[in-house]
Amino acid sequence: MTIQPSPLNVVIVGGGTAGWMAAAGLSSLLENAGLNITLVESAAIGTVGVGEATLPHLRFFNQAIGIDEYDFMAATRATVKLGIEFVDWGKIGDRYIHPFGDYGIPNDGVGFHHFWRRFSGELGSISQFSLPVVAAELGKFEPPSDDERSALSTFRFAYQFDATQYAPYLRRHAEARGVTRLEGRVVDVVVDEEGDVRTLKLEDGREIHGDLFIDCSGFIGLLIEKALGTGYEEWTHWLPCDRAVAAPCEHAGELLPYTRATAREAGWQWRIPLQHRTGNGYVYSSQFIDDQTAMDSLVNSLEGPLLADPKPLRFVTGKRRKLWNKNCVAIGLSGGFLEPLESTSIYLIQQGITYLIEMFPHGVSAEVARTEYNRIMDLEFKRIRDFLILHYHATERTDAPLWDMMREMDVPDSLKEKMALFRARGQVQTYDHGLFLEPSWLAVYLGQRVLPDHYDPRVDEYPQNEIVSRLQGMKTHIRASADQMMGHADWISLHCPTPLEGLS
Amino acid sequence: MAQQDPVTIVGSPLDAWLTAVMLARFAPLAGAKLQVLETSPVARVDDVVVLRPEMVRTNVSIGLDPKRLGAQPVQAWAGPHRQSLPFNSFGRPLKGVSFVAIWLRAREELGETRSLQSFVSAGQTGGCAIEVGRYVQALKTIATKVGVTPCTQASEHIVQADPNLTEAQPDCSVGAAVMTLRPSTTLRLQAVHKSVLALIDCWSWRENDRDLAAREYDRRLQAMQASIEDMQALLWSDGRTDDYSSRLKHRVSVWQNVGRIAPVDDDQFTPQEWMAAFLSAELVPSAAGRLVHSLTLAEISDHVETCSPKEVANV
Ligand SMILES: Cc1cc2nc3c(=O)[nH]c(=O)nc-3n(C[C@H](O)[C@H](O)[C@H](O)COP(=O)(O)OP(=O)(O)OC[C@H]3O[C@@H](n4cnc5c(N)ncnc54)[C@H](O)[C@@H]3O)c2cc1C
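Going line by line, the protein sequences match chains A and B.
Numbered per our numbering, the first sequence spans residues 28 to 531.
Numbered per our numbering, the second sequence spans residues 526 to 840.
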């Protein structure tokens with residue numbers, strides 16, 4: 028006896044990265060599961076057009092839905108990302124890379140960073156104990172190894188890609204799996220007496236009926252907010268940046284396998300190297316700089332000629348009170364936004380889709396799934412939020428009012444306790460679920476001068492000379508492993524170059 | 526607890542010697558001597574206790590290899606009503622679909638009659654069963670090697686592992702002294718093991734980190750306690766849900782409606798242990814969810830067969 032789940036009409040509003048990731052994810056992973064998926068998007072409205080730096084998790088999403096990595100990289104003009112370089116955050120002149128990988132190896136349960144803290148005079152920077160940092164600085168890359176004994180197994184990588192290319196790439200994938208795309212502008216949303224969304228009305232009079240709606244309409248939150256009035260939890264008092272201006276420019280110099288985030292007077296500036304150009308943007312707080320000055324400041328700092336008009340963007344940091352409300356799930360910018368300092372938005376889209384698929388309602392009612400989904404996504408957002416606040420708060424900068432404010436700011440209790448614990452004992456308060464594990468917290472703490480007052484005294488139980496020479500050996504080995512890698516640009520041109528006609 | 530006075534660990538032989546050896550081996554004691562004050566035993570010497578896989582690893586790293594003491598490998602530990610809580614997972618996922626969902630669909634549509642528990646992967650788990658007497662003896666032998674002695678002098682610093690001691694003012698509590706535990710030596714040892722690991726991480730190094738370290742220790746204990754209490758409520762409830770915490774109620778409803786173990790931080794048990802505990806309380810998911818329909822029935826049937834253990838697991 029075959030029991031087919033009752034057919035369910037799923038309607039996705041929005042054809043940006045979120046909309047097409049949702050369409051590709053659902054149509055690939057829930058193939059044969061009785062879903063009729065329709066996506067409606069409006070070319071006239073367009074997409075946000077930014078979002079170029081990602082996290083390693085995206086590789087698994089692409090793999091799960093059957094995308095060939097090299098084909099995807101060529102199509103989206105992608106480069107490799109081994110981490111993010113933070114410049115001028117702790118103090119002007121400081122720089123460090125937050126890598127996708129570990130520092131050294133722990134010994135008998137004592138974290139590597141305690142050994143480093145004890146012998147930092149002899150050992151130099153902790154970054155030299157991270158293969159992705161050393162490789163990034165040398166402009167090298169090779170995919171990680173599965174062999175746990177190899178230094179090459181201690182890191183992961185992500186992509187830097189053209190934000191305008193990923194959605195069209197996924198669209199081909201989703202349409203081939205039966206997703207129906209409608210071009211049109213939603214002008215009205217019909218909500219029934221239960222409070223569920225029932226029908227979307229398009230400008231040309233067409234109506235789209237659905238059982239489950241996925242709101243990927245961007246900042247506007249067409250369904251989740253405009254129609255359902257879900258409410259928004261704002262976090263601007265902790266993360267005051269509320270605007271950005273983005274501008275691509277021509278490359279200058281080497282193709283770097285990392286993103287750069289440079290702290291500026293009223294925010295920070297990103298630099299994302301792609302195969303054919305460099306993406307740039309200034310994320311700032313309108314309390315501290317006006318739009319024109321921000322734009323001029325960005326344009327004047329570019330490494331090469333401008334390739335398009337600077338694009339201004341506005342946002343409010345925070346999240347919807349419920350990301351799944353009634354029969355509507357908000358994924359992407361419609362669900363909330365945390366500034367792109369750690370490239371977390373696409374990750375949150377991916378998590379939203381993954382949890383939705385795992386909990387996808389069998390019938391139409393989904394009370395429990397909804398509660399659980401909201402609980403987990405809330406956790407995801409809040410953990411990222413605290414990590415982002417740390418970047419601003421852990422600063423010694425006194426050169427601009429933004430930095431004075433951030434340094435003195437009262438941070439969430441959850442973060443306060445974490446920082447105090449690290450300062451006093453070098454202990455990283457970890458968690459099992461959510462983004463950013465111990466190495467990430469370490470990277471930012473140590474990179475931004477939050478140094479533990481003391482190292483773990485167990486370090487003193489080891490013979491000093493032996494430890495120092497072992498650690499020196501580890502450093503040499505990491506350096507040799509990085510030296511043996513291929514140049515990043517060579518690796519790209521060997522495996523996934525964008526065909527010349529794609530390089531417009 | 527940065528001091529040179531001896532630290533006295535007070536508890537039943539099993540709890541106290543395990544605590545003492547772990548502290549001696551891993552905690553930054555700054556030269557402080559450890560001594561053990563034994564209280565009444567909670568287990569008979571010929572009782573057999575199950576050590577979870579992670580406990581076995583800790584034991585090996587303190588120099589105690591249970592295999593050498595005649596410990597037998599086990600696949601699961603047992604609840605009060607002979608519920609079997611496996612260390613290995615149930616079957617394997619297929620194309621991102623969990624085995625539970627596959628099994629549920631096989632039950633619904635292919636007439637599968639075997640229980641989920643019968644699909645526990647065979648293979649070594651790392652867990653083992655060991656006789657209490659031999660285990661305590663071995664702990665004492667190691668204790669001697671690492672300088673822990675039976676209690677010989679009064680001391681102001683006490684680590685309390687016995688819940689029945691009320692007159693002493695301990696510096697901190699571990700294991701059964703932290704929370705009310707049901708009569709299960711496995712759970713009791715797990716509580717000792719996890720709380721001592723937390724204590725090692727949060728051992729105060731200096732006067733001025735004492736409060737912070739204590740708060741962090743409490744935070745971790747609370748998480749441990751919540752998880753163990755939920756498991757106890759489930760295993761000992763006899764079908765009553767009055768003792769369920771709101772967190773457990775939520776996890777039950779997620780399991781029943783979505784077929785998923787809601788993730789929580791510092792969970793002391795693996796998803797398969799929760800699944801087994803739910804199933805033995807006759808809490809079965811109402812439907813397999815949609816994701817499993819991405820597989821064909823032929824794929825499901827084949828996969829169920831390949832996951833069917835060739836040999837019966839010994840519990
Ligand atoms: C300055 C900035 C920098 C960023 N950098 C990064 C980064 O480096 N890494 C990262 O992971 N993320 C980044 N992000 C976030 C990232 O851009 C988004 O998460 C991602 O692009 C997804 O956007 P979206 O699909 O939710 O929304 P959008 O791209 O805005 O798409 C919305 C869609 O809804 C459609 N739509 C809207 N209204 C209607 C209507 N009435 N009728 C029909 N269709 C409608 C639009 O046409 C469009 O197709 C950044 C964001 C900003 C603002």
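If you are wondering where the hints come from, they were derived from the structure by calculation, not from laboratory data.
Source: prediction; values computed, not measured.
Some hints could be false.
Reference excerpt, derived from the structure (chain B facing chain A, CB under 7 Å, subset only) [as the list claims (entries may be wrong)]:
#1 Ala557
#2 Pro618
#3 Gly621
#4 Ser778
#5 Val779
#6 Asn782
#7 Ala787
We treat Cβ as the ideally placed atom computed from N, Cα and C, and that holds for glycine.
Hint check:
| no. | hint | result |
| --- | --- | --- |
| 1 | Ala557 | 12 Å, violated |
| 2 | Pro618 | 11 Å, violated |
| 3 | Gly621 | 6 Å, holds |
| 4 | Ser778 | 5 Å, holds |
| 5 | Val779 | 5 Å, holds |
| 6 | Asn782 | 4 Å, holds |
| 7 | Ala787 | 6 Å, holds |
Hints 1 and 2 from the earlier list are contradicted by this structure; the remaining hints agree with it.
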